[in-house]
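Engineer: Position chain E against the provided structure of chain B, taking the given hints into account.
Residue numbers (our numbering), protein chains in the order written: chain B, 1352 to 1463; chain E, 1352 to 1463.
Some clues are possibly wrong.
The list makes no distinction among identical chains, and a pair is therefore deemed to hold if it is satisfied within one copy or across any two copies.
What the hints assert, rightly or not - Think about it this way: if two alpha-carbon atoms lie no more than 20 Å apart in a straight line, the pair counts; the simulated SDA-like pairs of lysine to any residue are: (1) Lys1435 / Asn1423; (2) Lys1443 / Ala1399; (3) Lys1388 / Phe1368; (4) Lys1451 / Phe1368.
Think of the hints as simulated: they come from the structure by calculation, not from any bench.
Since the structure is predicted, the reported quantities are computational estimates derived from the model, not experimental observations.
There are 2 protein chains.
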Amino acid sequence: MSELAETPRPPYYAVIFTSVRTEGDNGYEKMADEMVKLGFNQPGFLGAESTRDINGVGITVSYWDSIEAIENWKNHLCHKEAQKLGEDLWYKTFATRVCKVERHGLFKPSVE
Amino acid sequence: MSELAETPRPPYYAVIFTSVRTEGDNGYEKMADEMVKLGFNQPGFLGAESTRDINGVGITVSYWDSIEAIENWKNHLCHKEAQKLGEDLWYKTFATRVCKVERHGLFKPSVE
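Looking at chain B on its own, in the form it has when it is part of the complex (with noise of 0.2 Å):
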């Protein structure tokens, strides 16, 4: 995915997911490839960002443009069994948020 999201002008919804993995890939690296994949077609998909660093520490934020296309990607069967080998397997902790985007303001001095 490209570095920043380029989405539209508020309001819209975000799902801010932070997490902390465990140890090994465990086919994390695929599952999170496929997500993205299904994630970024879903209806109501506006676009993410997402960074981990060395320690395993993750933040991703993704944007849609109401509550009822986050309800349905969270309830995706695909999903869904991916978070459950999520809970399982791949992280140690996480929390996920979800959110109202009331302002947004962009600084890209290079491009515009």
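Structural biologist: Below, chain E without anything else, positioned relative to chain B:
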């Protein structure tokens, strides 16, 4: 800072700061440490989560009890100085999003 922020029950507010660093330190680490110390002591600050990958893509999410607390921190004189250096020296690009957190969930099997 600890890996996951311990925030109260929603609603509360989040600032999602996504950025791409320029090459070299240029005084960034020192200022980042100072801003963490200063930010953590602002009225209305609830916690923060931050990570940056080896490609220089970083996401920092800070949590606040009100929009007013976010505005006060945005306009803090020392923080404004850091923001100016950020635009001039440290970031290729960045986005700031102000959000209302409506729901959150925590997964922490090893502790609770």
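Engineer: Honestly, which of those hints from before does the structure not fit?
Structural biologist: none
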